[in-house]
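Chemist: Based on the provided sequences and hints, a complete structural model is requested.
Residue numbers (our numbering), protein chains in the order written: chain R, 653 to 1070; chain W, 653 to 1070.
Quick caveat, the hints were computed from the structure, so don't treat them as lab data.
Beta carbons are placed, not taken as given, at the ideal position from N, Cα and C, and that holds for glycine.
One or more of the hints may lead you astray.
[Unchecked claim] Pair ranges (Cβ atoms, derived):
1) Arg960/W x Ala722/R: 14 to 24 Å
2) Asp1062/W x Ala780/R: 35 to 45 Å
3) Lys668/W x Asn963/R: 18 to 28 Å
4) Lys668/W x Asp970/R: 48 to 58 Å
5) His669/R x Arg826/W: 16 to 26 Å
6) Asp953/W x Asp758/R: 38 to 48 Å
[To be verified] One-sided and incomplete, this derived list gives chain W residues near chain R with beta-carbon spacing under 10 Å:
7) Ile713
8) Leu729
9) Thr763
10) His768
11) Glu771
12) Asp779
13) Ala830
14) Arg912
15) Pro920
16) Asp924
17) Ser932
18) Ala933
19) Pro937
20) Leu1010
21) Val1012
22) Glu1014
There are 2 protein chains.
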Amino acid sequence: MTQTRSSSVTNFDSWKHAYAARAANLSVSEVRALFSVVSRPEVVSLAGGMPDVSALDGALIEEAFNSMMASRRNYALQYGGGQGDLRLREQIQEIMLLDGVQGSVDDIMITTGSQHALELLADLFLDAGDVVMVEAPSYVGAVGIFRHKEAHIEHVFTDEDGISPEALAEAADRMTAAGKKVKLLYLVPNFANPSGVTLSAERRQQVLQVCKERGILIIEDNPYGLLYFENQPPKALRAFDSEGVVYLGSFSKILSPGLRVGYVLAPPAIRDKLILANESAILSPATFAQMLVSEYLSISDWKGQIDRYRNLYREKRDAALEALEQYLPRVQTTKPNGGFFLWLTLPQGLNSKEMLPLAVTELVAYTPGTAFYGDGRGANNIRVCYSHPTAENVKVGIKRLSKVINLQLDLLDTFRAE
Amino acid sequence: MTQTRSSSVTNFDSWKHAYAARAANLSVSEVRALFSVVSRPEVVSLAGGMPDVSALDGALIEEAFNSMMASRRNYALQYGGGQGDLRLREQIQEIMLLDGVQGSVDDIMITTGSQHALELLADLFLDAGDVVMVEAPSYVGAVGIFRHKEAHIEHVFTDEDGISPEALAEAADRMTAAGKKVKLLYLVPNFANPSGVTLSAERRQQVLQVCKERGILIIEDNPYGLLYFENQPPKALRAFDSEGVVYLGSFSKILSPGLRVGYVLAPPAIRDKLILANESAILSPATFAQMLVSEYLSISDWKGQIDRYRNLYREKRDAALEALEQYLPRVQTTKPNGGFFLWLTLPQGLNSKEMLPLAVTELVAYTPGTAFYGDGRGANNIRVCYSHPTAENVKVGIKRLSKVINLQLDLLDTFRAE
Chain R
653 MTQTRSSSVT NFDSWKHAYA ARAANLSVSE VRALFSVVSR PEVVSLAGGM
703 PDVSALDGAL IEEAFNSMMA SRRNYALQYG GGQGDLRLRE QIQEIMLLDG
753 VQGSVDDIMI TTGSQHALEL LADLFLDAGD VVMVEAPSYV GAVGIFRHKE
803 AHIEHVFTDE DGISPEALAE AADRMTAAGK KVKLLYLVPN FANPSGVTLS
853 AERRQQVLQV CKERGILIIE DNPYGLLYFE NQPPKALRAF DSEGVVYLGS
903 FSKILSPGLR VGYVLAPPAI RDKLILANES AILSPATFAQ MLVSEYLSIS
953 DWKGQIDRYR NLYREKRDAA LEALEQYLPR VQTTKPNGGF FLWLTLPQGL
1003 NSKEMLPLAV TELVAYTPGT AFYGDGRGAN NIRVCYSHPT AENVKVGIKR
1053 LSKVINLQLD LLDTFRAE
Chain W
653 MTQTRSSSVT NFDSWKHAYA ARAANLSVSE VRALFSVVSR PEVVSLAGGM
703 PDVSALDGAL IEEAFNSMMA SRRNYALQYG GGQGDLRLRE QIQEIMLLDG
753 VQGSVDDIMI TTGSQHALEL LADLFLDAGD VVMVEAPSYV GAVGIFRHKE
803 AHIEHVFTDE DGISPEALAE AADRMTAAGK KVKLLYLVPN FANPSGVTLS
853 AERRQQVLQV CKERGILIIE DNPYGLLYFE NQPPKALRAF DSEGVVYLGS
903 FSKILSPGLR VGYVLAPPAI RDKLILANES AILSPATFAQ MLVSEYLSIS
953 DWKGQIDRYR NLYREKRDAA LEALEQYLPR VQTTKPNGGF FLWLTLPQGL
1003 NSKEMLPLAV TELVAYTPGT AFYGDGRGAN NIRVCYSHPT AENVKVGIKR
1053 LSKVINLQLD LLDTFRAE
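Modeler: Given below as structure tokens:
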């Protein structure tokens, strides 16, 4: 008899007695499994939220590299300061202005992708049991970080206009009455991951008010804001409140995630602590990647590149929505005005997590809705990411998905009829 | 009356009530202050532990970049897996073999410099109050991380042959008897930062034994091992124990710290958890930097480059020791056989931290010994880093330092005579 070996299961762990309490909250990332699926060329992946970097003009990166090596070689190869390069921070000021955000260059810190900004913030604010409020559903990477900090994750009702201010106030007051400390609200207000919805201008003011009244710090995560398809989204929450909002941005979606360059704009006292935490964790953000981004911004038509991305992703979203209408009329979907994601609601009785292996057999991958909740919800939801495959393959993928879903629906109908 | 403004002091912090307990342990890094001093060209800095990247052949980086853009452009620009690139991990296997370390490619993980490996390990193992044993003195960046985790940092007696196994056993047993959990031993066994000393072959076996008997995990941090001047250091501790040692390496000193690429080799169960923690913190290590390092290793004579570094740093160490003998005969120094650092012991009565402003006035900077202790010791020690200035400037710096020290000694002698 042969034995199947799985490294995680069969490894005897002689250090089990030694782990910190928080280590118990490290769970296997659904993202990791997805990366290995994605790498098989025959699978159309609607799973991982990856930009289409093939649409980036390689010549621009080469020019940026050559310019950097000619003018700032030794600087780029050396350690830098924990806050990040000053010129890049000035350039980021300009980018944030497109979102209505005015911030001092002193209050910006460069991070290893905006994921690490989120990690540093969570580490700074969350003791075990503290409450962080998030959208329902919320970004899987944020949920993972908050869980790792042993926080209580409270999902707040969210609809096509974003998170509900009334539900937010109600949940915060309920948690406070139960003796918990409500510390943070984490939001992706524009073309949210995973739902694709955008928080309305009116609700932004209400959310700011709810949090201000209760002393809750808002983390506004905005990786997708510049990738709008029709209308620009409303101004950032940070545009109206510099003291109550920490704003996160990233070059991962408008340039390249392989560089791992993001940033955070924070009130001065928080910024001071973030710099110390950044230095403690990694000494200094990668100077080389920062310089490359900085040269890219200074020599290229980066706004033109963003326009190219916007057109490309609009085309892919259209392909996804058309295919859904054609092949999956019984499935509900959000209709995002930008970004990478659609959020599907399956007919009652279907389970997206259980269905995933069948989908992979049909050579299509997606992320089950449960990944975006800290509380087990989302079983009849699917996140579709249309950003990475070609528009043609987005359609192929959804057609394959429809085969799996429709078969499940047929089975369900048969059972119900009996 | 004009007021001096210091951003950290005058910023009113409206979020003071909201920080996590561990945030109180974020202290202002002495490293940060040093970076701003370093950037003034008239100052000879013997402070920050920076490699001399001007000795790196820029053409090799350009070749590596061009090769990467030609063959793996889209891969380099995209997100990667949390463990890091497979080919780079294979290349790292080869590098570790130079240190006597045989490890499976499955057990290597790429990190954002080895600093982040240390952060992830500390987060994985240290609850508040847990004990981590370190050399006396120990690496400032490690001390900072352990303090941030609210650990008890226990400095163990260390001499020219490295940490003392007897003192290690005694301290561990004393801590255990006091009801504390002794979780980790953190070591830089080769050309230690800051002392420059190397753990002898005999003591390596004894240290392994002491830790094995007591269930203490060893973190072996080896950024300088390949930069030896005369004889290669003894084999790594990890070469003799794959279950009890986690081994850290880095490209910061043999290639470039601006790329932020390091690695960790860990027993499988720990490695599994580290990958999850890495994904949680940063999603994936920077693919772009990994590919650049990987191409560099595959197309260049990287061992020849390391030889160039070794010759260069040997020359600088010699310059430092000569200058010390000439200008500061009353100051004791370690005599390292590799790496970047000398550890000076000043005559009784001098305080290296109080003396630093005077030194900067004389246009020389160093790191006070107190930075390398978690318990206030080190006031009459100085770390001299000779790696970054030219050999000529190393001498100039030590001559300037002697002016400050000798003036202090004269003052002291005068007071004593009176």
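Chemist: Compare the structure with each hint and give your call.
Modeler: Results of checking the hints against the structure:
In this structure the hint that Arg960/W and Ala722/R lie 14 to 24 Å apart at CB holds, the actual value being about 22 Å. Asp1062/W and Ala780/R have their C-beta atoms about 56 Å apart, which leaves the hinted 35 to 45 Å range violated. Between Lys668/W and Asn963/R the C-beta distance comes to about 47 Å, which lies outside the given range of 18 to 28 Å. Lys668/W and Asp970/R have their C-beta atoms about 49 Å apart, which keeps the hinted 48 to 58 Å range intact.
Between His669/R and Arg826/W the beta carbon distance is about 20 Å. The supplied range of 16 to 26 Å therefore holds. For Asp953/W and Asp758/R, the Cβ-Cβ distance of about 44 Å falls inside the hinted range of 38 to 48 Å, so the restraint holds. The closest approach between the C-beta of Ile713/W and any C-beta of chain R is roughly 7 Å, which is under the 10 Å cut-off, so the hint is satisfied. At about 4 Å, the closest approach between the beta carbon of Leu729/W and any beta carbon in chain R falls short of 10 Å, and the interface hint on this residue holds.
Interface hint status for Thr763/W: upheld, as the beta-carbon distance to the closest one in chain R is roughly 9 Å, under 10 Å. Residue-level restraint check for His768/W holds (minimum Cβ-Cβ distance to chain R is 5 Å; threshold 10 Å). A hinted interface residue such as Glu771/W counts as satisfied when its beta carbon comes closer than 10 Å to some beta carbon of chain R; here the least separation is about 5 Å, so the hint holds. With its C-beta approaching chain R no nearer than about 5 Å, Asp779/W sits inside the 10 Å limit, and its interface hint holds.
Taken as an interface hint, Ala830/W does not check out: its beta carbon lies about 18 Å from the nearest beta carbon of chain R, beyond 10 Å. Here the hint on Arg912/W is kept, as its CB sits about 4 Å from the closest CB of chain R, short of 10 Å. Checking Pro920/W against chain R: minimum C-beta separation of about 4 Å stays under 10 Å; hint holds. Among the interface hints, the one on Asp924/W holds; its C-beta lies about 5 Å from the nearest C-beta in chain R, closer than the 10 Å criterion.
A distance limit of 10 Å between C-beta atoms decides the matter here; for Ser932/W the minimum to chain R is near 5 Å, and the interface restraint holds. For Ala933/W, the suggested interface contact is upheld, since its CB lies about 5 Å from the closest CB of chain R, less than 10 Å. Interface restraint check: Pro937/W against chain R, minimum CB-CB distance 7 Å, threshold 10 Å, status holds. The beta carbon of Leu1010/W comes no nearer than 25 Å to any beta carbon in chain R, farther than 10 Å, and the hint placing it at the interface is violated.
A distance limit of 10 Å between C-beta atoms decides the matter here; for Val1012/W the minimum to chain R is near 18 Å, and the interface restraint is violated. Taking 10 Å as the C-beta cut-off, the interface hint given for Glu1014/W is violated, the closest approach to chain R being about 24 Å.
Checked against the numbered hints above, the structure violates hints 2, 3, 13, 20, 21, 22; every other hint is satisfied.
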